[in-house]
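So the protein sequences, as listed, match chains E and V. Those letters in the first sequence? Residues 34 to 426, by this note's numbering. Those letters in the second sequence? Residues 34 to 426, by this note's numbering.
Simulated from the structure, these hints should not be mistaken for lab results. We treat Cβ as the ideally placed atom computed from N, Cα and C, and that holds for glycine. Hints are not guaranteed to be accurate.
A few chain V residues that face chain E, going by a derived Cβ cut-off under 10 Å, partial list only [claimed, not checked]: (1) Ala117; (2) Gly122; (3) Thr133; (4) Thr155; (5) Leu166; (6) Ala169; (7) Ser286; (8) His301; (9) Asp318.
2 protein chains.
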Amino acid sequence: MSGLKPVREVAIIGIGITKFGEHWNLGLKELAVQAGVKAVDSAGISGEDIQLIVGGNMSGGLFTGQEHGSALLADYLGMNPTPAIRTEGACSSGGLALRTGYMAVASGMHDFVAVGGVEKMTDVYGPQATTALAGAMDYETEAYFGATFPGIYALIARRHMHKYGTTRRQLSMVAVKNHENGFHNPYAQYRRKITVEDVEKSAMVADPLRLLDCSPITDGAATVILAPADIAKKHTDKPIYIKASAQASDTLSLFARQDITTLGATVHAVKEAYRQAKLSSKDIDFAEVHDCFTIAEICAYEDLGFTKKGNGGKLIEQGETALGGRIPVNTSGGLKSKGHPVGATGIAQIIELVTQLNGEAGKRQVKNANIGLAHNVGGSGATVTVHILSRDR
Amino acid sequence: MSGLKPVREVAIIGIGITKFGEHWNLGLKELAVQAGVKAVDSAGISGEDIQLIVGGNMSGGLFTGQEHGSALLADYLGMNPTPAIRTEGACSSGGLALRTGYMAVASGMHDFVAVGGVEKMTDVYGPQATTALAGAMDYETEAYFGATFPGIYALIARRHMHKYGTTRRQLSMVAVKNHENGFHNPYAQYRRKITVEDVEKSAMVADPLRLLDCSPITDGAATVILAPADIAKKHTDKPIYIKASAQASDTLSLFARQDITTLGATVHAVKEAYRQAKLSSKDIDFAEVHDCFTIAEICAYEDLGFTKKGNGGKLIEQGETALGGRIPVNTSGGLKSKGHPVGATGIAQIIELVTQLNGEAGKRQVKNANIGLAHNVGGSGATVTVHILSRDR
Numbered sequence: 034m035s036g037l038k039p040v041r042e043v044a045i046i047g048i049g050i051t052k053f054g055e056h057w058n059l060g061l062k063e064l065a066v067q068a069g070v071k072a073v074d075s076a077g078i079s080g081e082d083i084q085l086i087v088g089g090n091m092s093g094g095l096f097t098g099q100e101h102g103s104a105l106l107a108d109y110l111g112m113n114p115t116p117a118i119r120t121e122g123a124c125s126s127g128g129l130a131l132r133t134g135y136m137a138v139a140s141g142m143h144d145f146v147a148v149g150g151v152e153k154m155t156d157v158y159g160p161q162a163t164t165a166l167a168g169a170m171d172y173e174t175e176a177y178f179g180a181t182f183p184g185i186y187a188l189i190a191r192r193h194m195h196k197y198g199t200t201r202r203q204l205s206m207v208a209v210k211n212h213e214n215g216f217h218n219p220y221a222q223y224r225r226k227i228t229v230e231d232v233e234k235s236a237m238v239a240d241p242l243r244l245l246d247c248s249p250i251t252d253g254a255a256t257v258i259l260a261p262a263d264i265a266k267k268h269t270d271k272p273i274y275i276k277a278s279a280q281a282s283d284t285l286s287l288f289a290r291q292d293i294t295t296l297g298a299t300v301h302a303v304k305e306a307y308r309q310a311k312l313s314s315k316d317i318d319f320a321e322v323h324d325c326f327t328i329a330e331i332c333a334y335e336d337l338g339f340t341k342k343g344n345g346g347k348l349i350e351q352g353e354t355a356l357g358g359r360i361p362v363n364t365s366g367g368l369k370s371k372g373h374p375v376g377a378t379g380i381a382q383i384i385e386l387v388t389q390l391n392g393e394a395g396k397r398q399v400k401n402a403n404i405g406l407a408h409n410v411g412g413s414g415a416t417v418t419v420h421i422l423s424r425d426r
Numbered sequence: 034m035s036g037l038k039p040v041r042e043v044a045i046i047g048i049g050i051t052k053f054g055e056h057w058n059l060g061l062k063e064l065a066v067q068a069g070v071k072a073v074d075s076a077g078i079s080g081e082d083i084q085l086i087v088g089g090n091m092s093g094g095l096f097t098g099q100e101h102g103s104a105l106l107a108d109y110l111g112m113n114p115t116p117a118i119r120t121e122g123a124c125s126s127g128g129l130a131l132r133t134g135y136m137a138v139a140s141g142m143h144d145f146v147a148v149g150g151v152e153k154m155t156d157v158y159g160p161q162a163t164t165a166l167a168g169a170m171d172y173e174t175e176a177y178f179g180a181t182f183p184g185i186y187a188l189i190a191r192r193h194m195h196k197y198g199t200t201r202r203q204l205s206m207v208a209v210k211n212h213e214n215g216f217h218n219p220y221a222q223y224r225r226k227i228t229v230e231d232v233e234k235s236a237m238v239a240d241p242l243r244l245l246d247c248s249p250i251t252d253g254a255a256t257v258i259l260a261p262a263d264i265a266k267k268h269t270d271k272p273i274y275i276k277a278s279a280q281a282s283d284t285l286s287l288f289a290r291q292d293i294t295t296l297g298a299t300v301h302a303v304k305e306a307y308r309q310a311k312l313s314s315k316d317i318d319f320a321e322v323h324d325c326f327t328i329a330e331i332c333a334y335e336d337l338g339f340t341k342k343g344n345g346g347k348l349i350e351q352g353e354t355a356l357g358g359r360i361p362v363n364t365s366g367g368l369k370s371k372g373h374p375v376g377a378t379g380i381a382q383i384i385e386l387v388t389q390l391n392g393e394a395g396k397r398q399v400k401n402a403n404i405g406l407a408h409n410v411g412g413s414g415a416t417v418t419v420h421i422l423s424r425d426r
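Could you build all of it, start to finish, from the sequences and the hints given here?
This is the structure:
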């Protein structure tokens with residue numbers, strides 16, 4: 034009795050995503066329904082085949098007043114009495130939804146499971162959005178004292194620069210690369226290329242992080258359809274297999290960590306993911322990582338094992354994570370350019386992986402994309418999920 | 034490939050619960066930690082054995098500003114890097130946590146899983162609590178127009194009285210019975226007996242529902258420890274087996290239902306639960322049902338199959354659901370007397386079932402308690418979970 038080994042293997046047989054951006058005419062449920070209907074269509078099944086809905090959503094309550102969002106989605110998709118579960122782990126709510134859906138299929142309890150993520154963030158004004166997002170921190174030890182996420186990640190950036198010589202220019206190059214990629218993604222919020230100078234002239238938010246170091250406030254939804262691997266090929270020519278579904282926790286408070294330049298939960302989760310998939314970081318062809326701020330992508334390179342600790346800045350500078358580099362990262366545009374509807378982000382990353390693995394990414398296609406990794410972070414790293422997807426079972 | 038059959042059977046090997054009530058000196062995380070530590074102790078394992086935490090919480094965001102509650106719990110329990118998932122389905126968040134934890138064990142991914150529920154409701158003033166709870170409704174079609182949950186359930190009560198002749202006295206008798214039971218429950222919020230007259234003289238809230246028809250605002254937490262059935266007896270002499278874990282959805286809005294006196298999701302979920310357990314309503318020895326209002330318990334009698342539709346009022350009047358009756362209901366005191374910390378309620382119901390099945394319920398013990406049922410409702414019935422527990426595997 035060892036645990037940590039799924040009894041049934043699981044595949045992704047369909048995907049659906051909305052345009053990411055400011056959707057003044059669409060609410061929480063309209064966004065979720067749009068992505069859900071697309072995903073069910075693309076899986077070649079009917080809504081009646083779905084046996085469970087799992088929906089990631091960070092804070093319907095604080096952003097819109099609406100809790101109970103997954104049942105609302107079942108309702109507006111016309112899918113009653115199909116059961117629906119909401120998962121939440123701040124900005125990793127989507128990753129948690131996928132892990133929950135994965136276990137639901139692996140357990141034998143459900144065959145077809147719709148796993149979605151959604152956030153409607155633009156119905157509140159700026160400070161209120163910042164307050165809602167602060168719910169991802171340890172409220173009593175961070176938010177009460179005025180901490181904001183740009184401030185938290187600025188501390189991480191300063192320490193990384195001090196300890197490892199990471200430069201302002203290297204931070205900027207992350208944003209430039211991600212906007213370069215997002216330019217080719219029709220679902221991205223900001224489809225425009227930017228320069229290092231643009232980043233460095235943009236408004237200061239929390240020194241050293243400037244506006245163009247920060248992911249935006251975004252509305253959007255994304256859905257994938259899961260099925261047991263054994264029957265996936267009956268429904269699609271191109272099933273994508275989930276080879277690992279791993280998760281770890283860390284302190285919510287930054288002050289409680291031994292080393293703030295490392296996200297311990299990323300290190301733990303990716304180790305477990307590589308163990309499940311029987312792979313190492315060298316086997317990963319490309320990745321979607323959680324670049325809520327430019328410094329977060331640099332830390333992720335290191336914590337995921339794409340380079341050694343402290344070398345993340347050089348990795349971006351040497352072009353290794355650009356399209357055509359050794360390990361392309363955030364070909365979707367990442368959170369920076371594609372946008373960051375917090376509850377949807379984890380699923381949007383999976384959709385980019387599936388699109389790349391199926392060779393359908395157009396001008397941002399990674400050559401020989403066989404194995405992809407998705408890295409989704411809640412808060413400043415208190416929750417991290419890592420999924421590894423493969424074209425081959 | 035049929036689905037809906039767990040690959041591994043699952044048992045409960047430990048329980049822990051806080052006193053329910055107004056905890057002015059304890060916050061969200063202190064309550065959750067208290068219940069979690071008790072449960073781990075009672076399971077005879079150590080915190081390091083836990084491989085996953087699943088925590089039900091309806092609205093940490095609107096009640097306390099704190100989202101990301103499950104990772105916070107892992108943190109304050111000293112359990113990093115153990116993964117933690119929050120589930121939410123309004124007042125059925127606890128039931129969803131149990132279903133999610135159940136699938137995590139059944140899937141083979143995790144052996145020991147801590148499943149908890151928590152709500153800290155008294156940090157906000159009354160109207161703000163009502164607003165938070167309204168997040169369980171379809172916000173745009175109900176809450177915006179001034180609907181409150183007492184108002185919604187008052188509509189159900191009026192219709193039930195009109196259609197089936199249910200009486201004011203029968204409603205009162207539900208509250209009287211539950212306070213009778215809660216008097217003997219050391220964890221209950223209101224340990225005092227009340228009379229039919231007390232109920233009928235209490236303040237009018239939403240005609241015909243009076244104050245003593247309504248469950249209260251409560252702080253509290255509850256946790257159970259799950260393990261694969263195959264190894265349960267290594268850890269406890271008295272494992273309790275989960276024979277069914279079922280869930281269904283219905284419209285959030287009351288106006289969208291054909292018959293507001295029936296909770297369709299209860300009917301669907303219990304049918305699936307009886308199928309999974311290979312049992313019928315006649316096999317159930319006792320039950321914890323979701324009596325958020327007295328009328329809800331009467332509807333539950335009918336929808337769960339304990340009596341025919343329309344006969345729920347007579348069931349309470351004939352004493353059949355009292356301790357010593359044919360099918361004792363809410364021996365814990367129910368939501369009415371024990372209290373209703375919304376995210377914790379679904380797990381607290383499970384703890385009463387385990388306590389009864391183990392013969393440890395003292396003066397409220399049901400004789401020959403072999404099979405118990407728990408019924409947890411989100412909103413006015415948009416999400417319902419039904420679990421069936423047994424002493425025998």
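Now for the hints, and whether the structure bears them out:
For the restraint placing V:Ala117 at the interface with chain E, the shortest Cβ-Cβ distance is roughly 5 Å, inside the 10 Å limit, so the hint holds. For V:Gly122, the interface hint holds, since its Cβ comes within 10 Å of a Cβ in chain E; the closest pair sits about 6 Å apart. At a threshold of 10 Å, the smallest CB-CB gap from V:Thr133 to chain E is about 6 Å, leaving the interface hint in force. Restraint check, V:Thr155 versus chain E: the minimum CB separation of about 16 Å is more than 10 Å; hint violated.
Hint status for V:Leu166: holds, given a least beta-carbon distance of 9 Å to chain E, under 10 Å. For V:Ala169, the interface hint holds, since its Cβ comes within 10 Å of a Cβ in chain E; the closest pair sits about 5 Å apart. Among the interface hints, the one on V:Ser286 holds; its C-beta lies about 8 Å from the nearest C-beta in chain E, closer than the 10 Å criterion. Among the interface hints, the one on V:His301 holds; its C-beta lies about 4 Å from the nearest C-beta in chain E, closer than the 10 Å criterion.
Residue-level restraint check for V:Asp318 is violated (minimum Cβ-Cβ distance to chain E is 25 Å; threshold 10 Å).
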